[in-house]
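Participant: Following the hints, position chain Z against chain F.
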Amino acid sequence: MSAARSGPARDGFALAEAVFAIAITSVVAATAAVSLSGAARIATAAAERAERADARRTVATALRTDVSVTTAADVSIAPDTIRLRVFRGAALVCDTADGTVLVRYRGARRPEPEKDSVLAMASAVEMASPLAAAADASAGCIGAAGESIMRWTGPAAAPGGTVLLLFETGTYALSARALRYRRGGGGRQPLTAEVFGAGSGFETEARALGVRLDAALPTRALDWPVRLRIPLLNAGRP
Amino acid sequence: MAGRREASALLAVIVALVLIEALVAGTLIIVTYELAAARAYRSSVHARLAAESALAATVHAWPLADAAALPMLGRLRVAPDSVVLPGTSRFDAELERIDAETYLLRGNGTAAEPDTAFAVAAALLRTLDRSPLRALVGAALTAVGAVSVEAGAALHGEAAPPVSLDCVQGFPDADRPIGAAPAAIVADADALVVAADADIRGATITTPSAAEDPFSVLRTGLGPDLAIRADRVEDGAVIAFPSATGTSCDRDADGNWGDPEQPVAPCGRYAPLIFAPGDLTLAAGAGQGILIIAGDLTIMPAARFAGVVIVAGALDLQAGATLEGGVRLASASGVSRIAGAIEYDGCSIARALALAPALARPSLHPSRPRLPAW
Chain F
1 MSAARSGPAR DGFALAEAVF AIAITSVVAA TAAVSLSGAA RIATAAAERA
51 ERADARRTVA TALRTDVSVT TAADVSIAPD TIRLRVFRGA ALVCDTADGT
101 VLVRYRGARR PEPEKDSVLA MASAVEMASP LAAAADASAG CIGAAGESIM
151 RWTGPAAAPG GTVLLLFETG TYALSARALR YRRGGGGRQP LTAEVFGAGS
201 GFETEARALG VRLDAALPTR ALDWPVRLRI PLLNAGRP
Chain Z
1 MAGRREASAL LAVIVALVLI EALVAGTLII VTYELAAARA YRSSVHARLA
51 AESALAATVH AWPLADAAAL PMLGRLRVAP DSVVLPGTSR FDAELERIDA
101 ETYLLRGNGT AAEPDTAFAV AAALLRTLDR SPLRALVGAA LTAVGAVSVE
151 AGAALHGEAA PPVSLDCVQG FPDADRPIGA APAAIVADAD ALVVAADADI
201 RGATITTPSA AEDPFSVLRT GLGPDLAIRA DRVEDGAVIA FPSATGTSCD
251 RDADGNWGDP EQPVAPCGRY APLIFAPGDL TLAAGAGQGI LIIAGDLTIM
301 PAARFAGVVI VAGALDLQAG ATLEGGVRLA SASGVSRIAG AIEYDGCSIA
351 RALALAPALA RPSLHPSRPR LPAW
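Those sequence lines, one after another, are chains F and Z. 228 is the number that our numbering gives to position 228 of the first sequence; each next residue is one higher, with no gaps. 195 is the number that our numbering gives to position 195 of the second sequence; each next residue is one higher, with no gaps.
The hints are simulated quantities; they were obtained by calculation from the structure and are not laboratory data. These figures come from a predicted structure and were not determined experimentally. Treat the hints with care, as some may be off.
Pairwise CB distance ranges, derived in the manner of DEER restraints [as the list claims (entries may be wrong)]:
#, chain 1, residue 1, chain 2, residue 2, range
1, Z, Pro71, F, Thr204, 37 to 47 Å
2, Z, Gly74, F, Ala46, 36 to 46 Å
3, Z, Glu101, F, Gly199, 42 to 52 Å
4, F, Glu114, Z, Ala65, 38 to 48 Å
C-beta: ideal position from N, C-alpha, C; glycine also.
Isolated chain F (complex conformation) (with noise of 0.2 Å):
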């Protein structure tokens, strides 16, 4: 009687165990993925901060470097494309023989004669031409720590003391969500992750290089859309 009264009461008790335990577990599991799902939000979020706070930083470090050594006369701006002249070292001519320029030559690379081009600075008159080759020399010259001397082919005979600029004409795009690099007429690299939206481009400041940054992705961020003012080299006060 007994037996007959207890069965019937525990398969009572199991089933209200089963639904209170499928209960706890969904409501474990709700929670869980309530907050799996937040975390993975935010998550997102943050790598997607990060990647867009990488970016800004790559595009204000890049034109930073090359724009602002630059002046006017040294950058055309378009809506979405800024083309310039990309320096990349200067030297002093020590002297001038067969067509060649003994220099003096400090820069962020070595001279490479199949893509760059030399800016002499003779007193108010500039001009740029070719560089057909550039090689090491070791006499004629005492150069600096850091310097090297070097014979250049190219450049129109300069009396001593003349400034050479070094350079390779680029053009930077901000195009298909990232900012993009193109030197001369090669294909364009991308130097930022796609993160950039369509309201993304170049203007022209007063003496300056405006870029407006749009993020691609919609963001609640304060800092976004960004401004960046480039001052362009000599525009200002020395």
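Facilitator: Quick look at chain Z alone, frame taken from chain F:
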């Protein structure tokens, strides 16, 4: 059954905790990366500002004699000590002469905190070509408008000076005028009225070039705002007298316009560029240098000035007053009155042009004053 339920709940919690920890770790990594980037950026800005400061400090405290003595492509290490940068930022500069009047200045800046950073900046500087200024005073008096040289006044040109004359020791290329100088150069001969007993020595030349505006030459060479470039800005009435402390000329003292009487005295080599934006009266005393007056200039009896005088308005040189050097009057209207003495003196002109601190400071190269630097 219960054991399985506890295990699955535990598993869910562990998974959740692992995910949350991964999220926290990722955020920390991002934050650490951003902080490192911010530190590096901050240091790079400090270093860049230090390099810029090196340029500015060197130009401000231009090493006049050392720069002038540099041979072609000669280099000079400059450590401006007039400016102390905050924090761990440090700077120095290197000056190189690349032609007679042009210098390449390279500033180096470093920052040690929060990260180590190094930056360079370069500028192309030119010292002033003084020959256009010298050409403004080719006679004792150069005038475009009406001038009355009164009885008892003196207007003396100069015979050709000896070639070996060294006017400004230490300045081998000082712009000493060569050759004879006339008493007067005027745009209109009828505008120069000379009393019968005035003492005129030398020729009077009439040429349209006397009508050219000297202030356009000044502004081309010295910049649009002469008050900024000038060593002294004066107005009202001034009594000029040298002021020295021991062997040091007190250049900031009121009325110190140098010492033309004693070239070896502490202020003997101080010949300031003095600009008056309005009218000015030299009431008494003596001074030397370059005097540029935007209004009228009155020089009272017993006052003396040696050097270059350029006046936009009228000149009233009273009896007993003396000007040595060259005078340029730019006004076509009004009448200047000369009752004192104007004596052309090539050496006074050369000394003023060579010694004026305002002319010695370099200016930025006109086409590309700042250069990219590595």
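Participant: Tell me if the beta carbons of Gly74 of chain Z and Ala46 of chain F are separated by a distance inside 36 to 46 Å.
Facilitator: Violated, since Gly74 of chain Z and Ala46 of chain F (Cβ atoms, about 57 Å apart) do not stay within the stated range.
Participant: Look at the Cβ atoms of Pro71 of chain Z and Thr204 of chain F and judge whether their distance stays inside 37 to 47 Å.
Facilitator: 44 Å Cβ-Cβ, so the 37 to 47 Å window holds.
Participant: Does the Cβ-Cβ separation between Glu114 of chain F and Ala65 of chain Z fall within 38 to 48 Å?
Facilitator: Holds, at about 47 Å.
Participant: Given the range 42 to 52 Å, decide if the beta-carbon distance of Glu101 of chain Z to Gly199 of chain F lies inside it.
Facilitator: At 49 Å between Cβs, range holds.
In this structure, only the earlier hint numbered 2 is contradicted, and the remaining ones agree with it.
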